[in-house]
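Participant: Here's the letter readout for the chains.
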Amino acid sequence: RTGFTAIKANIQARDTVRTTSILSFPYSLHRVNSEDTCCIIHHLLKFYVDMVFKHCETEDSWVNRKISSIANSFLSIKKNFRHCHQQSLCRCGEEATQKYKQILTNYSQLNVKNAAMKSLGELDILLDWMEKAY
Amino acid sequence: MHSDKEALLPAPQNISIFSTNMKHFLTWSPVIIPGETVRYSVEFQGEYERYYANESWIPISECSFIIVTQCNVTEDISATVPYNLRVRADVGTQGSEWGTLKRLFNRNTTLLTPPRIKVIADGYHLLVELEDMGPAFQFHILYWKNGQESSVQKMMVKEITSAVHLDTVEAGTDYCVKVQTYVEAINRSSNFSQTQCIRVQDA
Chain A
181 RTGFTAIKAN IQARDTVRTT SILSFPYSLH RVNSEDTCCI IHHLLKFYVD MVFKHCETED
241 SWVNRKISSI ANSFLSIKKN FRHCHQQSLC RCGEEATQKY KQILTNYSQL NVKNAAMKSL
301 GELDILLDWM EKAY
Chain B
1092 MHSDKEALLP APQNISIFST NMKHFLTWSP VIIPGETVRY SVEFQGEYER YYANESWIPI
1152 SECSFIIVTQ CNVTEDISAT VPYNLRVRAD VGTQGSEWGT LKRLFNRNTT LLTPPRIKVI
1212 ADGYHLLVEL EDMGPAFQFH ILYWKNGQES SVQKMMVKEI TSAVHLDTVE AGTDYCVKVQ
1272 TYVEAINRSS NFSQTQCIRV QDA
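As you go down the protein sequences, you meet chains A and B in turn.
Per this note's numbering, the first sequence starts with residue 181, numbered consecutively.
Per this note's numbering, the second sequence starts with residue 1092, numbered consecutively.
Next comes chain A alone, as it looks inside the complex (with noise of 0.2 angstroms):
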């Protein structure tokens, strides 16, 4: 949460395309059943570590270490939610699925850049709704 507190106004600043939102469009993470929280949270996490941060390289170093310290966390907290879903603890039910679906298609109407981007700067709804969920 640190890393990205730190650099939040700046990642946010370069999020040009203001009229949708890769997470919240159109229900928010918060109207998410309790029971489908667990695959949510799995599914986000390798959406993150497979597809934003590897497209969020900035010019800024200072910037860049702090999306490494985000992207080392959300690996370690991949592999502790892997046990989980080796355990099949993480039931996938059909709303998830849709809205994780609904998540990859606001995220491909962007160009990979902005997409991850702006998944970047939206990064605060995910925690919000993964504090308050766990």
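Hints in this document: simulated from the structure, not taken from any laboratory.
Mixed in with the good hints, there may be bad ones.
[What the hints assert, rightly or not] Covered stretches of chain B, as calculated for chain A (at least 3 residues, CB under 8 angstroms):
hint : segment
1    : 1168 to 1174
2    : 1282 to 1289
[Claimed, not checked] Short derived list, chain B residues pointing at chain A, Cβ under 10 angstroms:
hint : residue
3    : Phe1109
4    : Phe1135
5    : Glu1140
Cβ atoms here follow ideal geometry from the backbone N, Cα and C, with glycine treated the same way.
Take the given structure of chain A and dock chain B to it, following the hints.
Facilitator: Coordinates of chain B only, in the frame set by chain A:
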């Protein structure tokens, strides 16, 4: 600047990390070139960079072209995953090859030392002052009436305030306290501090 230059300078050797209480310092042996000032630059690579970002390295600007042979990498070793670190020596435009850690470093191996404490009896109030060890640290406090080790009281302190108020206690008795730290990020605790006992004033 250096990649195509033949590296005449020897790479820094004995690169290692000293980590205590979640503070991590990279050190290495100096490269000695008579009559020259040798400067060093440090870069790090987390597990993310190794597997998801083409094994890229990230420079630490505070440790770019420095003269000392130590770098505080605490700020960048900020996740509980294995990290690699490397150091290069430069003299003018000449640069050495990179020297890297022998083994990857994970912050969950940091040495956790018992906290320094100071027990205070303020009238009938038992308090303990704790060492401020940074935001990553929580404290498990045990206290008991001297001689009654079987009835230990426990308290968990997540954030350091000045002195921690433990209890209002009986007059003229001795109370003992010991404390250990706990770091949630790596799920590890230190050993307990020395036990400190104090007499509460008589009635």
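Participant: Among all the numbered hints in the text so far, which are the ones the structure does not match?
Facilitator: 2, 3
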